[in-house]
Amino acid sequence: MTKSRLGRVGSRLAIATSALVLAATMGVAQAADPIRIGEINSYTALADFTQPYKKGWEMAVEEVNAAGGVLGRPLEVIHRDDGGKPANAVKIAEELTSRENVDLLAGTYFSHIGVAVTNYSQQREKLFIATEPMSDDIVWKQGHRYTFRLRPSTYLQSAMLAREAAKQPAKRWAIVAPNYKFGQDAVAAFKKVLKEERPDVEFVEEQWPALFKIDPGATVQAMLQAEPEGIYSALFSRDLTAFVREAELRGLLRDDITFVGLLTGEPEYLEPMGDEAPENWIVTGYPYYGIDNPEHKRFIDDYQKKYNEAPRMGSLVGYVFIQAIKAMIEEAGSTDQEAMIQAMKDLTFPSIVGPITFRGLDHQSTMGTWVGRTAVIDGMPQMVDWYYAEAEAYFPPDEEIKKLRSGE
Amino acid sequence: MAVLSVSGLSKSFGGVHALSDVSFDVEAGELLAMIGPNGAGKSTCFNCINGQLKPDLGSVRFGEHDLVGRSPRQIWRLGVGRTFQITATFGSMTVAENVQMALISHHRRSRALWPLASSLYMERAHELLSAVGMQDQAERRCNVLAYGDLKQVELAVAMAHEPRLLLMDEPTAGMAPTERIELMELTAGIVRERGISVLFTEHDMDVVFANATRIIVLNRGRMVAEGSPADVRNDSMVQEIYLGAGSTFRAQASALEAADA
Amino acid sequence: MSFYFAQFLTGLASASSLFLVASGLSIIFGVTRIVNFAHGSFYMLGAFIAYSLVTALPHGPLGFWGGVIISALVVGVIGVVMEILVLRRIYQSPELFQLVATFGVVLLIKDVALWVWGPEDKLGPRAPGFDGAVDIFGSKVPEYDLVVIVLGLVVLAALWLLFNRTRWGALVRAATEDREMLGALGINQALLFTSVFFLGSVLAGLGGALQIPRASVSHHMDLAIIATAFVVVVVGGMGSIVGAFLASVIISELNAFGILVFPEITLVLMFLVMVVVLVIRPWGILGKPEGEAAGEVLEGETLSIMPGRRMRLALLGAFALLLVLPSVVEPFYLLLLSEVFVFALFAASLHFIMGNGGMVSFGHAAYFGLGAYGAAMLLIYGDTGMELAIALAPLAAGLGALIFGYFCVRLSGVYMAMLSLAFAQIVWSVAFQSTELTGGEDGLVGVWPSPWASDRIVYYYLTLVLCAGGILALWRMLYAPFGYTLRAGRDSPLRVEAIGVNLRQHRWFAFVIAGLFAGLAGGLYGFLHGIVEPQAVDIPRSIDALMMVLIGGVQTLIGPLAGAFAFVFLENRLLAFEFWRAIFGLIIIGICVAMPLGIVGSLHRLALRAAAARAS
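Chains as they are written, first to last, in the working numbering: chain A, 1 to 408; chain B, 1 to 261; chain C, 1 to 616.
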């Protein structure tokens, strides 16, 4: 018995040694050693966006790995559902960092979860790529050297919309936004930029329903009471659909009121409304049906073929996220933490939406988004008259940002 | 000298006079029985004395204190002990701990956060338990005790703060006839020894006539008779009242008379 | 003027749909005394099933209303299934086990819905024929709102007739008013309970199904409605249908008009109403007072015996093991264990009043949350540093317990539990809606330990020492005169008053002590994850504590500790599975059914039996 066990250990040793020698001679000792990305997201709490997002990065990972990986190593995304709870997300971040030994952290959807995880990444000095959360604090007030953000922020998207809104005749504006970080940032940015462009506007009503706890009838009624000429909405998902239904019924969706909707044009929020989707809102979104950039078109076609459904904004963010990781690690030449951070700073990479840079100044990417108007065509809600808004044109002055990031 | 002096006690519930102008004294060292048919007002009278109820009129003097308007808690502190018709003990505690609880409260230590309760006043608790003959069962938990034993535990608990007056509501209710006499004799012995006065209600006439030094009779909220057991036994009005409820009273009374003779 | 009328109608429509759900909950509670957390899940199922039916059936009034009614009936059957398969087996267990079991059902249904309908929200069609708005005094009011108002009134009338004009209704009323009498009347209790569950669940399903035309169906409908439904039931009076209706109207109108004046604190208003009502009329607007001894809720084996020598050695051994653990296990497990310590202290503090004192709290998270927020705010705004923040956290919680406890201890049994829940919800809604101070839903971030303690190992030792110290202190108090007095009050409130004890005052102090230690747990918890957010005070946190105590074994000392350990590790292990909630829910239900004394309690009993068998 002792003999056989000895024998077994011996033979294993022999195999292992020969494998090692073989690998060393071939120079791909790391081939079997994947690059591990720890990904945290609200896969069940906000599936509308995060499930397409997951499909997006899964597709990108497959493509990257099929093409030989990065630095000869495959990418591996270890993903976890945070259940929409910030404390859970932080716990998961700890588990991914200390138990799964991931090379970097990524993900999060809700702004407050993004803020919680970026705070963790600062405390534990771990690289974190915030893919979706839009709160400005993530790169500005609470910005620090370990966190970079991909998706255009609430400030950028609100500024894009505010400049469009400024061109409208409306002077009396009402606001409805979910009462948490995302909504607050979105409103503050919209107000600031709109006031800059149009000092004559006034804000006559603000409704702050708790996230996913909107009382749509009462909220719409309160807005009617204020008799606004323009309405800015930062509602999304189930809050948005409930609001739109009531607004339609109660006669708030009038032609003489200008509606501006943050994210409303994103297919994940627009398409579920079907032919009830509001028309002629000025929105940010993703008109995948009209994209003709060949690189981007290829992604859309492949995605449709693979999943038998149209891509959504989440799919695009998920895909570009992996493109960014690939470029960053190639630039860094290793998965060494410091090398990766240095590589991220001012990293420019060719994404399917064009070249994107992670600004060294505030770690925000220059990924833009699409601005247009909503319409219902053949029963399908879509964006029309849209254009791709490059982020560069909307950033506040560098000095202002530096002041915000002074705590760094 | 009267330990307890009740005068002009009246209480009505929604127009029904449960108690009308009841007055009596409890003398030092006596066992005063309060009897009467169901609904005569015994419980109301009892509850007015022990603070559960506030009488509409009248006074209840205990030494220099008027008990009317005081809570049961305060009345207990003044030196009035109680036992209940249906025993109320702490089921999760041992017999000794039940007595210790009363001692802890008596010494105003119930808010202490550090000492171990089960080691406080142990000697005194065992002393009280031997007085009621429960020392052998001191370490048993109350929720496994026989009913008769619980009555004895209650007696020990009621004596813990060295009361001058003991209020016993149907002390022998729910017990077997032989046990009843034993319990009441035990009680009588203890109170005599310690000079405690007792006011008790009781249904069992054997118990009443065997142990009471004096008896008061209530009917429809009024006191209808008062006197020694022999006086009450021979009171025609009392016999009348009890006839209404059945003939046991007369039977018992005559049986007792026969025994006396 | 017309605007206010329109707003009034809007409120009334919300009241109607709220009433449908709450009346079902109220009926079930009235008859069975079960606090049915799964009621919100039935509401959600009603919406999902109706969505599927309405979209599958031919479009038109028949398809729509047919779908709504079938959905309500299907949900009624599901309610019956839960009653027969789960609850009927545990009617003999302490009442709180039924609550915990229904919470297991909540988790199970959540995942079943996720599996059947997928995670995306579902937007159903509008009601055919009622998809427009009518002009009332110049304001547009959706026709469907009027339909819902009428339906609410119809259901109210139907229920009233059912309860006042039928024999079954008379039985239900009798059962609601006096449970003992029911037994005496020789009624088939099982059948009555089952039928009540059917009716209650049908109402929940109907309420959910009627929501389709108003909002998208989502997986968050269950817990979103249940808290509000509880408020309605408690404010209206448990078991009272008309009370539920009145309360629905009050709450909904308050919200409809509150949104105009205080658009940011509508949630606080609702729970404030609940507190005011419970303080003035503890049994609700139309409820009847009930003389219920709290101790009955928790009968079973007792805490009476001090830990013996062997037990002490075992505890010492366990502590020694925890001391050497950091050199052996991965750092992540240290985080998990730190969390176990924190929750063990939290559960032990609840156990102090619940197991020993017979005072049930559904809102113990209030003190956990006050401690957590107190510490976080001291750190962030007061710049006190971690040490002082943790030291003062218990005081913040204790102060809360001093105020809330004063009102809570005036009640007993389920009313006390509900009032404690209302207070916890006030803390929650304030934390949730006072964005300036508490960060609102985002919470307060950056709550990290001081540099010397920021290492996982150091913080592990810190939590270990503080929590173990806290638990030992609580245990010592259990066997001190104060703890004994509390237990005496649990065993016989009558007798304890008759030996000169001011029970209410002792209970109040006990509440404060439990609050202090829960606050310490909360303070430590904040620094564990670097963030304090409303989840720390939310209903599930209170339920967690209840489950830890009950599942561990309410009448044992180490039960709450075992419960905390099982809870944290189970959750972490299960998280890797896609449908972890369902597994977790099934485990909870299984424990409730198979181990009515909790894990430790049941093992202890087994050991006793084995010993007895050996002896004989």
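Incorrect hints may have been included.
Think about it this way: if two alpha-carbon atoms lie no more than 20 Å apart in a straight line, the pair counts; the simulated SDA-like pairs of lysine to any residue are [what the hints assert, rightly or not]:
| hint | chain 1 | residue 1 | chain 2 | residue 2 |
| --- | --- | --- | --- | --- |
| 1 | A | K55 | A | E276 |
| 2 | A | K55 | A | E309 |
| 3 | A | K213 | C | K122 |
| 4 | A | K213 | C | P58 |
| 5 | C | K122 | A | E248 |
| 6 | B | K54 | B | G8 |
| 7 | C | K288 | C | T435 |
| 8 | A | K171 | A | A188 |
| 9 | A | K54 | C | F577 |
| 10 | C | K122 | A | A66 |
| 11 | A | K345 | A | L361 |
| 12 | C | K122 | A | A188 |
| 13 | A | K141 | C | L260 |
| 14 | A | K54 | A | L71 |
| 15 | A | K141 | C | G446 |
| 16 | A | K402 | A | I341 |
| 17 | A | K54 | A | E271 |
| 18 | C | K140 | A | Q225 |
| 19 | A | K55 | A | A66 |
| 20 | C | K140 | A | L253 |
| 21 | A | K55 | C | W117 |
| 22 | C | K288 | C | V276 |
| 23 | A | K213 | C | H220 |
| 24 | A | K141 | C | H220 |
| 25 | B | K54 | B | E30 |
| 26 | C | K140 | A | T97 |
| 27 | A | K213 | C | R173 |
| 28 | A | K54 | C | W115 |
| 29 | A | K213 | C | F407 |
| 30 | A | K54 | C | W117 |
| 31 | C | K122 | A | E309 |
| 32 | A | K54 | C | F579 |
| 33 | C | K288 | C | F407 |
| 34 | C | K140 | C | K288 |
Anything over 10 Å on all C-beta distances counts as not near chain B; from chain C, calculated [stated by the list, open to error]:
| hint | residue |
| --- | --- |
| 35 | V77 |
| 36 | Q92 |
| 37 | P125 |
| 38 | F137 |
| 39 | N164 |
| 40 | I285 |
Don't read these hints as lab results, they were simulated from the structure.
What you are looking at is a predicted structure, and each value in this text was computed from that prediction instead of being measured.
Cβ atoms here follow ideal geometry from the backbone N, Cα and C, with glycine treated the same way.
- Query: Which hint numbers doesn't this structure obey?
  - Reply: 1, 4, 7, 10, 12, 13, 14, 24, 25, 26, 27, 29, 34
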